Amino acid sequence: MGQIILRLDRVMADRKISLNELSEKVGVTNVNLSKMKTGKISAIRFSTLEAICEALDCQPGDILEYKKD
Amino acid sequence: MREKSVKTVNVIGLVGKILSIIAIVFTGLGMSGVLIATIAMHILPKSFLDVRINTGIKAIVDMSGFGDEVVNALNSDEFAEGLENGASFNGNDISMASVRIEGSKLYVDGETEITEINVRNIRIVLWLAVFSMAMAIVICVFVLRLSEAFRVCSTPFCNLVISRMNQLAICLIPWAIVTWIAEKVATSLMSNSVNLGVNVNFAFIGAVILLFGLVQIFKYGAVLQQEADETL
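Residue numbers (my numbering), protein chains in the order written: chain C, 1 to 69; chain D, 1 to 232.
Possibly wrong hints are sitting among the right ones.
Chain D is faced by these chain C residues, among others (derived, beta-carbon under 7 Å) [as the list claims (entries may be wrong)]: (1) Met36; (2) Thr48; (3) Leu64.
Worth flagging that the hints you see were computed from the coordinates, not collected in a lab. Only a predicted model underlies this, so the values are computations on that prediction, with no experimental measurement involved. Ideal Cβ positions, reconstructed from N, Cα and C, are used throughout, including at glycine.
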């Protein structure tokens with residue numbers, strides 16, 4: 001069984017955007033965004049994903065990655 | 001909405017905590033009083049108290065209202081023989097010293113068996129009372145702990161609330177059994193009769209089942225809460 005890995009840190013580094021900046025644009029606290037960056041969440045709402053994709057100008061596939069064991 | 005509900009739960013916890021503390025204090029005071037009385041009873045010699053109680057009964061029953069058939073049955077030999085065997089009221093055997101039937105009226109002079117109350121019986125009953133009160137205090141402490149968990153929680157569906165609710169539900173069962181046994185023993189000692197009847201307290205059983213059910217609901221709630229917390 002594989003797992004979904006969040007690549008938010010990579011996309012943020014590509015766009016050269018800080019956690020606080022993204023937090024303001026997306027409307028999610030930087031604490032929660034930090035959890036997302038470190039993969040400490042188990043689910044994400046479509047609305048949050050939409051807001052992140054909008055802010056980072058990317059596709060959901062750029063943030064989420066499926067990795068086989 | 002969520003904050004308001006959590007605040008309400010916190011307030012309920014606070015009220016529960018205050019009430020539990022009051023209950024613990026008053027039960028503790030009561031227990032201390034009974035304990036002092038128990039010790040005093042141990043200091044007193046056994047011959048200090050020996051009370052024998054029996055109750056006299058005088059009854060006149062006018063059976064004319066029931067019709068001639070009943071009055072005739074009343075005057076029959078079978079009825080008189082039946083009365084000679086005595087009767088029982090509230091678990092106390094009543095010996096019929098005298099039963100007279102005059103016309104439609106039944107005159108009964110009877111008395112209950114002698115109930116003996118001595119220092120030894122009183123000591124046992126007092127120790128049982130102390131033990132029951134101590135158990136009640138333990139229950140109050142568990143209620144206090146649960147109330148405290150409700151008071152401080154940021155969500156009622158947390159492991160602290162669930163574990164304390166489970167502890168309360170579990171300790172209610174031995175408390176009910178011990179209290180029931182203590183009551184039976186005390187009644188037997190004070191009335192000189194052994195009553196082995198099992199009276200089922202459905203309200204209490206319902207409360208315990210409800211509490212165990214609530215524990216399961218809260219466990220399910222905790223899983224949902226964790227999922228919600230981990231969702232962004």
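Going through the hints against the structure:
1. About 6 Å separates the beta-carbon of Met36/C from the nearest beta-carbon of chain D, less than 7 Å, and the hint is met.
2. Checking Thr48/C against chain D: minimum C-beta separation of about 5 Å stays under 7 Å; hint holds.
3. A distance limit of 7 Å between C-beta atoms decides the matter here; for Leu64/C the minimum to chain D is near 12 Å, and the interface restraint is violated.
Of the numbered hints listed earlier, the single one contradicted by the structure is hint 3.
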